[in-house]
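Trainee: So the chains spell out like this:
Protein chains: 2
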Amino acid sequence: MILTVTLNAALDVTYQVPEIDWTGVNRVRSVHRRAGGKGVNVARVLHGLGREVLVTGLAGGPVGRAIEADLEAAGLPRALVPIAAESRTTLAVAGGGGGAALFNEPGPEVSEAELREFGRVYASLLERAEAVVISGSLPRGVPAGTYAELAALAAEHGVPAIVDADGAALRHAPVGRPAIVKPNAEELARAVPPHGHPVEGAEHLRARGAESVVVSLGEEGLYAVTPEGTFRARMPYRVEGNPTGAGDSLVAGLALGLVEGAAWPERLRTAAALGAAAVAAPVAGDFDRDVYARTHPLIEIT
Amino acid sequence: MILTVTLNAALDVTYQVPEIDWTGVNRVRSVHRRAGGKGVNVARVLHGLGREVLVTGLAGGPVGRAIEADLEAAGLPRALVPIAAESRTTLAVAGGGGGAALFNEPGPEVSEAELREFGRVYASLLERAEAVVISGSLPRGVPAGTYAELAALAAEHGVPAIVDADGAALRHAPVGRPAIVKPNAEELARAVPPHGHPVEGAEHLRARGAESVVVSLGEEGLYAVTPEGTFRARMPYRVEGNPTGAGDSLVAGLALGLVEGAAWPERLRTAAALGAAAVAAPVAGDFDRDVYARTHPLIEIT
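Quick note, the sequences are listed as chains W and V, same order.
One point on numbering: in our numbering, the residue at position 15 of the first sequence is 15, and numbering is uninterrupted.
One point on numbering: in our numbering, the residue at position 162 of the second sequence is 162, and numbering is uninterrupted.
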């Protein structure tokens with residue numbers, strides 16, 4: 001089983017409004033609600049590939065129960081730890097013209113006791129895990145070093161961890177000696193001293209404890225700096241679509257390669273193809289199987 | 001106990017966003033969630049006045065559970081009938097400049113079986129009711145004559161009904177011989193043939209079966225056309241604030257007068273003062289006790 005951790009699970013809501021009146025009353029034509037957060041999206045992709053997954057994290061209030069209900073409906077096994085505060089909602093208001101405004105709620109504040117309880121549940125879930133993916137933002141009240149601690153706990157259980165984070169959580173993550181840290185180029189630039197090339201930035205994170213670092217460059221492909229050497233994946237062509245969720249799909253590919261013991265070039269090929277296939281799918285957590293099958297053999301690894 | 005019926009119960013959500021970017025990503029500074037729908041607001045006002053109330057209606061899905069949880073938190077007794085579809089959310093996005101955009105979800109579709117089950121629950125609740133307030137919009141799948149049927153069922157139990165509705169539901173309502181129908185001037189104009197004066201419009205609804213008709217005119221006060229005669233309430237001064245929920249507060253005042261057996265002039269005074277006191281309160285379902293106390297003796301009844 002691949003465990004995915006989403007400490008700041010969300011309910012992703014999309015309103016379709018044909019003609020938006022930003023100062024008046026709008027009738028919403030359709031409403032879509034879906035459990036979200038980066039770890040949930042990673043689990044969806046792995047589940048779609050037929051892998052056994054388990055979603056853990058924190059969820060609270062009626063919105064937390066809506067997240068649970070949607071995971072249930074999607075057939076995604078879960079072990080979410082309840083919190084008192086209400087989980088966050090993200091709202092996209094999409095108009096007829098194709099534009100969208102996004103509203104991100106501040107999200108819950110997590111208590112020390114709740115975080116301790118999560119640690120207890122997490123440690124027990126590690127007993128059954130082949131790999132763990134720790135990704136997304138930290139809710140308020142959760143210390144920046146938490147992902148490092150979760151990765152270290154996984155390492156103690158012999159479970160390789162992948163961390164996909166930003167900001168302080170990313171800066172601290174290598175201390176936990178995760179198997180893979182996956183920033184994109186902007187996140188990497190914010191987390192390490194100025195560097196001329198993404199590979200130099202990645203080496204900073206490796207020097208701090210990360211075994212391998214994969215830097216995603218959007219349509220420019222990927223760099224992987226690993227004990228086996230440095231690799232680059234280049235995309236065969238540009239895939240049009242929605243980049244939201246592409247990073248999560250890419251991380252799912254890295255997790256797959258990790259549990260299958262694939263060599264780095266093959267891991268990268270799978271990750272890059274899943275990233276492209278997610279761009280071709282309209283919703284985060286989905287991927288286009290045709291694009292995946294078509295892109296996979298064409299990705300160039302050097 | 002005063003029973004309030006809210007067939008289209010809602011979760012009223014307000015986002016405060018300091019500077020709204022209608023084409024980009026917004027951090028929501030604060031989120032307020034509150035059970036709503038006109039019958040819920042009426043119950044809040046009556047509860048605030050120390051009256052025993054019971055909220056009934058339909059609620060479904062995670063949003064329905066959020067509505068239940070908020071009623072619980074507010075100490076409002078309830079007997080909501082569950083439905084399969086998800087209850088509606090109304091969202092107000094309020095910017096720093098004071099403006100707000102409103103988004104109304106299409107809301108649930110109710111099945112015949114669910115509506116029958118509601119009828120069964122409603123009939124049993126009438127056994128304990130002194131009065132029933134039936135108000136707000138009808139969810140999809142609920143026939144326009146439903147409020148008339150609910151009022152007729154109340155009459156069979158000897159329970160006076162107040163109906164506050166719009167459109168087809170208002171046009172049908174008098175058939176159920178409700179004690180009071182409460183449209184505002186615009187709703188009345190849409191529901192009856194063209195008339196020169198609100199009192200003439202009210203007489204149309206009385207001719208169809210309504211015992212009394214109260215027409216609210218906003219800051220212009222109220223007309224009541226009743227078996228005891230026709231009365232007008234005039235406001236002593238203009239109250240500044242938020243008119244959302246003023247109609248519900250006014251209806252709470254009418255219900256109070258009904259169960260207390262107050263004469264029409266006194267009922268109107270209470271209703272008009274509660275309407276004004278709701279304008280002075282920022283949130284629907286609340287009212288300003290000082291404004292209520294100050295306005296009440298000054299309202300002129302003719």
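Keep in mind that the hints are not guaranteed to be accurate.
If the Cβ cut is set under 8 Å, some of the chain V residues that face chain W in the computed set are [stated by the list, open to error]: (1) E19; (2) N26; (3) V28; (4) A101; (5) G229; (6) F231; (7) R234.
Computed beta-carbon distance windows for the label pairs [as the list claims (entries may be wrong)]: (8) V:Y237 - W:A144: 49 to 57 Å; (9) W:L217 - V:P77: 57 to 65 Å; (10) W:R190 - V:P18: 17 to 25 Å; (11) W:G167 - V:G119: 51 to 59 Å; (12) V:E112 - W:R289: 49 to 57 Å; (13) V:E112 - W:S30: 19 to 27 Å; (14) V:P282 - W:R116: 35 to 43 Å; (15) W:L217 - V:P18: 50 to 58 Å; (16) V:R116 - W:R29: 36 to 44 Å.
Quick caveat, the hints were computed from the structure, so don't treat them as lab data.
All values derive from a computational prediction rather than experimental measurement.
Just so it is clear, CB atoms sit at the ideal spot from N, CA and C, and this is done for glycine as well.
Trainee: For the pair V:Y237 and W:A144, does the Cβ-Cβ distance stay inside 49 to 57 Å?
Mentor: holds, 56 Å
Trainee: Between V:E112 and W:R289, does the beta-carbon spacing fit 49 to 57 Å?
Mentor: violated, 40 Å
Trainee: For the hint on V:E19, just tell me whether its beta-carbon gets within less than 8 Å of chain W.
Mentor: violated, 12 Å
Trainee: Tell me if V:G229 is really an interface residue toward chain W, meaning its C-beta lies closer than 8 Å to one of theirs.
Mentor: Violated. Min distance 38 Å.
Trainee: Starting from the range 50 to 58 Å, see whether the pair W:L217 and V:P18 falls in it by beta-carbon distance.
Mentor: Violated - the Cβ-Cβ distance for W:L217 and V:P18, about 34 Å, lies outside 50 to 58 Å.
Trainee: Hint check: is the beta carbon of V:R234 less than 8 Å from a beta carbon of chain W?
Mentor: Check failed: Cβ of V:R234 comes no nearer than 30 Å to chain W, outside 8 Å.
Trainee: Can you let me know if the beta-carbon spacing of W:R190 and V:P18 is within 17 to 25 Å?
Mentor: holds, 24 Å
Trainee: Taking the closest Cβ pair, is V:F231 under 8 Å from chain W?
Mentor: Where the cut-off is 8 Å and the nearest Cβ of chain W is about 33 Å from V:F231, the hint is violated.
Trainee: Verify the interface restraint on V:N26: the C-beta must sit less than 8 Å from at least one C-beta of chain W.
Mentor: Holds. Min distance 5 Å.
Trainee: Given V:V28 as an interface hint, is its Cβ closer than 8 Å to any Cβ of chain W?
Mentor: Given a least distance of 5 Å, the restraint on V:V28 holds.
Trainee: Checking hints one by one. Is V:A101 an interface residue toward chain W, by the C-beta closer than 8 Å rule?
Mentor: holds, 5 Å
Trainee: 57 to 65 Å was suggested as the range; check whether the CB atoms of W:L217 and V:P77 agree with it.
Mentor: Holds, at about 59 Å.
Taken one by one, the earlier hints fail for this structure at numbers 1, 5, 6, 7, 12, 15, 16, listed in ascending order.
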